[in-house]
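There are 2 protein chains.
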Amino acid sequence: MSAWSIEWVESSNGVTDAKGFRASGVSCDIRGKSNGQLDIGMVYSSSPCSVAGTFTSNRVKAAPVLLDQSRVRSGRPVHGVIANSGNANACTGDEGYANAEAQVALAEGLSGRTGGSFLVCSTGRIGRQMPMDKVKKGIHAAWESLGDDVSHGHAFSQCILTSDTRPKRCGVILRNGAREVRIAACAKGAGMIRPDMATMLAFVVTDLGCEQADLQMLLSEAVEDSFNSITVDGDMSTNDTVLLLANGSSGVSLDAADIELRSAFLKGLSTVCERLAYLIVGDGEKISKVVTVKIVGAPDRESARKVAYSIAHSALVKSSWAGSDPNWGRVLCAAGYSGLPVKESDMSMYYDACPVVKNGRVLDENISQWREIVSKKEFSIVLDVGMGHAEARLLASDLTPEYIEFNMHE
Amino acid sequence: MSAWSIEWVESSNGVTDAKGFRASGVSCDIRGKSNGQLDIGMVYSSSPCSVAGTFTSNRVKAAPVLLDQSRVRSGRPVHGVIANSGNANACTGDEGYANAEAQVALAEGLSGRTGGSFLVCSTGRIGRQMPMDKVKKGIHAAWESLGDDVSHGHAFSQCILTSDTRPKRCGVILRNGAREVRIAACAKGAGMIRPDMATMLAFVVTDLGCEQADLQMLLSEAVEDSFNSITVDGDMSTNDTVLLLANGSSGVSLDAADIELRSAFLKGLSTVCERLAYLIVGDGEKISKVVTVKIVGAPDRESARKVAYSIAHSALVKSSWAGSDPNWGRVLCAAGYSGLPVKESDMSMYYDACPVVKNGRVLDENISQWREIVSKKEFSIVLDVGMGHAEARLLASDLTPEYIEFNMHE
Numbered sequence: 048m049s050a051w052s053i054e055w056v057e058s059s060n061g062v063t064d065a066k067g068f069r070a071s072g073v074s075c076d077i078r079g080k081s082n083g084q085l086d087i088g089m090v091y092s093s094s095p096c097s098v099a100g101t102f103t104s105n106r107v108k109a110a111p112v113l114l115d116q117s118r119v120r121s122g123r124p125v126h127g128v129i130a131n132s133g134n135a136n137a138c139t140g141d142e143g144y145a146n147a148e149a150q151v152a153l154a155e156g157l158s159g160r161t162g163g164s165f166l167v168c169s170t171g172r173i174g175r176q177m178p179m180d181k182v183k184k185g186i187h188a189a190w191e192s193l194g195d196d197v198s199h200g201h202a203f204s205q206c207i208l209t210s211d212t213r214p215k216r217c218g219v220i221l222r223n224g225a226r227e228v229r230i231a232a233c234a235k236g237a238g239m240i241r242p243d244m245a246t247m248l249a250f251v252v253t254d255l256g257c258e259q260a261d262l263q264m265l266l267s268e269a270v271e272d273s274f275n276s277i278t279v280d281g282d283m284s285t286n287d288t289v290l291l292l293a294n295g296s297s298g299v300s301l302d303a304a305d306i307e308l309r310s311a312f313l314k315g316l317s318t319v320c321e322r323l324a325y326l327i328v329g330d331g332e333k334i335s336k337v338v339t340v341k342i343v344g345a346p347d348r349e350s351a352r353k354v355a356y357s358i359a360h361s362a363l364v365k366s367s368w369a370g371s372d373p374n375w376g377r378v379l380c381a382a383g384y385s386g387l388p389v390k391e392s393d394m395s396m397y398y399d400a401c402p403v404v405k406n407g408r409v410l411d412e413n414i415s416q417w418r419e420i421v422s423k424k425e426f427s428i429v430l431d432v433g434m435g436h437a438e439a440r441l442l443a444s445d446l447t448p449e450y451i452e453f454n455m456h457e
Numbered sequence: 048m049s050a051w052s053i054e055w056v057e058s059s060n061g062v063t064d065a066k067g068f069r070a071s072g073v074s075c076d077i078r079g080k081s082n083g084q085l086d087i088g089m090v091y092s093s094s095p096c097s098v099a100g101t102f103t104s105n106r107v108k109a110a111p112v113l114l115d116q117s118r119v120r121s122g123r124p125v126h127g128v129i130a131n132s133g134n135a136n137a138c139t140g141d142e143g144y145a146n147a148e149a150q151v152a153l154a155e156g157l158s159g160r161t162g163g164s165f166l167v168c169s170t171g172r173i174g175r176q177m178p179m180d181k182v183k184k185g186i187h188a189a190w191e192s193l194g195d196d197v198s199h200g201h202a203f204s205q206c207i208l209t210s211d212t213r214p215k216r217c218g219v220i221l222r223n224g225a226r227e228v229r230i231a232a233c234a235k236g237a238g239m240i241r242p243d244m245a246t247m248l249a250f251v252v253t254d255l256g257c258e259q260a261d262l263q264m265l266l267s268e269a270v271e272d273s274f275n276s277i278t279v280d281g282d283m284s285t286n287d288t289v290l291l292l293a294n295g296s297s298g299v300s301l302d303a304a305d306i307e308l309r310s311a312f313l314k315g316l317s318t319v320c321e322r323l324a325y326l327i328v329g330d331g332e333k334i335s336k337v338v339t340v341k342i343v344g345a346p347d348r349e350s351a352r353k354v355a356y357s358i359a360h361s362a363l364v365k366s367s368w369a370g371s372d373p374n375w376g377r378v379l380c381a382a383g384y385s386g387l388p389v390k391e392s393d394m395s396m397y398y399d400a401c402p403v404v405k406n407g408r409v410l411d412e413n414i415s416q417w418r419e420i421v422s423k424k425e426f427s428i429v430l431d432v433g434m435g436h437a438e439a440r441l442l443a444s445d446l447t448p449e450y451i452e453f454n455m456h457e
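Note that the protein sequences, when read in sequence, are chains A and B.
So the first sequence is numbered by the numbering used here: it starts at 48 and just counts up by one.
So the second sequence is numbered by the numbering used here: it starts at 48 and just counts up by one.
Hints are all accurate, no fakes.
Quick list of in silico lysine to aspartate or glutamate cross-link-like pairs, EDC-like style, CA-CA up to 16 Å:
1. K405(B) x E142(A)
2. K341(A) x D399(A)
3. K405(B) x D141(A)
4. K314(B) x E268(B)
5. K390(A) x D141(B)
6. K405(A) x D141(B)
7. K353(B) x D431(B)
8. K390(B) x D141(A)
9. K341(B) x D272(B)
10. K341(A) x E438(A)
11. K424(B) x D372(B)
12. K183(B) x E148(B)
13. K424(B) x D399(B)
14. K405(A) x D431(A)
15. K341(A) x E425(A)
Don't read these hints as lab results, they were simulated from the structure.
Because the structure is a prediction, the values reported are computed rather than measured.
Based on the provided sequences and hints, a complete structural model is requested.
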């Protein structure tokens, strides 16, 4: 048994829960609605942070993603991140990139830090230049407002929201005797969520000390079964970013030889990422259900994921979830066009633990139980494709008429 | 210039327009609603027909698809096809296959033809066994009702419909002096339409004489830019089938050396297939718009198709079409995750002929024209990815709240 215990932070304040991190969220009217909505903020640590990041694999990347990627790759420590909602600074060309650079340069000037010590994340409307006059005022105000009270963590978690209906915060504490390490985080999600991260921003901070290369390895592992295993509408955004900053303020540092701490930290980090991923799907645009699609009996993990996505992206399957209709035929049909050479007579399927299909034969006698299960707010579909021993799990949502209405006009 | 002219048949009666083909459509209450809806029918030629077919690439294939595939592959001539709606005979295992065999055996018995001379197509609900007592009565009635009047062609085109709002018929006449060849057809479509043919049945008949191998080659070529280039909801069904029967009743046969006739016939066949494909998309479940997605400047055709599908399957793009919102950002974004390594600064885009993006730069000054174009019932999106000279064209539809509502409960 590990000497490290892991516990949830009760009612997390977000990023300010970790030692040495301050935050802010203010309004600078990026949307031009003059309604005081928080739309720009900052996370800041006066101690330098190692930083790791994972980014959208969309070939059309927003300016802030391009800037952050190059800074994370440089391996240089950072002190903070600026984030805004209302404008994604995507499809904005050279002017957009220059604007992203101007944002970080301004924050660097205010903090007296050298170039390269800030990152920037943007989310919102694509294809419009940032209103830089407003944004510059916003960055000034965000810098002035930094603090580590509950209100600061909350404000930052709010300023990044777009069509989210609520902020998403969580954190864990790792304890081993007198030693204590915190991982604290917040995220925004909602539309365009699919594997490989889509219009999703997550800010994870920790007061652990950790080398950058190591931190990147840990983050990449943690996102695999969390942010990279969710889907709402199958679209993948230009802006998705997960950042992990480690400032060492806990006094505990990750030593390569300390297997126990490493394992506890990875577990804590995975727990935080999985929780945020769950909160993002559960708050997906106009969704009514969260469905776990689990594929077992696949020849390999990649094939299992392929089948899971084929099911979770089917408009017909997702519509039937919205209607609480146990339409197992559409599920098998979507598996059939996944690209994996499945055989009808080798497939078995379950709603939660209730058998639906056994080797291609339908177990109609269970139909009232199926209806009960698929009427719940959360349920699982388990599909055994009978081809091997690999599996994959995907967190998905239904597709509702309200989703389409919501996205018909931007 | 070809000696062959091609003209449309005015107000086509469907398959009975070609010489020597009789048809019928009757009611046998497969849906159990006792409402007299036509749900089973037959196409029949007393002269033996060469037959070609293309079928769904879904690995989960309905029983009739499996049966037809093996019969088409056998190369033996056929005399007719039975078709029904209301039950797809898919995911029905061995019992389903035996039922499909019983259907063709019954028709063969009634017509006095040898085994193997009938094909069968089914569409409708997945996962339920065919109500064989009703179906057998239906086949008897369909056999008794065969004829070549306008009412017979119409009845057949109606008995195959599911969520279609109207029958889909068309035909062409090829003329060269006294020689005349007819191609006549009907189809059903609606939901689950995507490339590689999905819940789509098309019956094309011709009174040309043609060797089977040749006929298959011609059909495969004709479906490529028609049935294989359409998408409604991205789902691919278990039952999609296009059949082409050639009975030689025109007295004109396709001789390998007759390049002019071959070329005219292929053109006529392509015209018919494209028209049916257009009718299917235009009658897609609860759609409000037909959008042509054309990708140019691709390194190869397959890449161009990949980008086109990525755009045409994006729930966000399709929602914006439904809302007449010229959201070009979502289009570029979907191109970005298509798998092709597109570069933002190399992409140019048009609504119809109106420039939207030029080398990644937005031409905002045209916005009122964009709005006008995307508010039409039909428009085009042309995306130049600036990577080569290949192109592809896809006929797609929008995604409406009504589509989801319609598919929430089966």
